[in-house]
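Chains as they are written, first to last, in the numbering used here: chain A, 1 to 114; chain B, 1 to 115.
Treat the hints as calculated values from the structure; they're not laboratory data.
Owing to the predicted nature of the structure, the values given are computational and were not obtained by experimental measurement.
Be aware that one or more of the hints could be misleading.
[As the list claims (entries may be wrong)] On the chain B side, residues computed to face chain A include the following (Cβ under 10 angstroms):
#1 G41
#2 G43
#3 V87
#4 A91
#5 T104
#6 G108
[Stated by the list, open to error] Here are the computed lysine-lysine pairs in the DSSO-like style, where the Cα-Cα straight-line distance is at most 30 angstroms:
#7 B/K71 <-> A/K38
#8 B/K56 <-> B/K42
#9 A/K44 <-> B/K71
In this text, a Cβ means the ideal position worked out from N, Cα and C, and glycines have one as well.
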Amino acid sequence: DAMVIQNPRYQVTQFGKPVTLSCSQTLNHNVMYWYQQKSSQAPKLLFHYYDKDFNNEADTPDNFQSRRPNTSFCFLDIRSPGLGDAAMYLCATSRDPGRANGYTFGSGTRLTVV
Amino acid sequence: GESVGLHLPTLSVQEGDNSIINCAYSNSASDYFIWYKQESGKGPQFIIDIRSNMDKRQGQRVTVLLNKTVKHLSLQIAATQPGDSAVYFCAENRGGETSGSRLTFGEGTQLTVNP
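Put together the whole structure using the sequences plus the hints.
What follows is the structure, encoded as structure tokens:
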């Protein structure tokens, strides 16, 4: 019954080697979000898609990119991972703008950079 | 910059006691607040929310209080159980209908329930 699915749960990548994290949803929600959560810190919004419209946060590094080929899928691309990019990456979806109880989070992908 | 933050990083309570987790916010324009529970290795789980036109909202064993005068939010958990042990985040909902709502999270409080 998983509704927001993130793959893989754990990802190990080499320093500087591009990596892609994926998120899929079965909820048909129109908004999809990517958050970065470092150890013992709060989730930090990187960017989100409202339908096909991409909305980047002002302080999100250019190293982070995203794609949303259709309603169900959204990808997070890290072009050149650094050690500081090791974190849990959370995908979330929502249906109705402004209705926070419409948010659904995935279980996250924990990224390790070696 | 404006942010949402928590007063205490850790809270330890005895099983059966009531827990109170606090949060201060600084964005007076925000009209919607949410409490999330996050267990180790999992994504945030929605607990309860409250709009700024309300002072109090109750759920099952949980109550959220909002004091707009001092920009303070609290989560009360009644009869705390071991399964309540987790990190609790308050979050501020912002954004409009044309770009989608966005959440800004506070720093989190680690709640530990002792048997």
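Structure versus earlier hints - violations, ascending order: Violated hints: none at all, because every hint is consistent with the structure.
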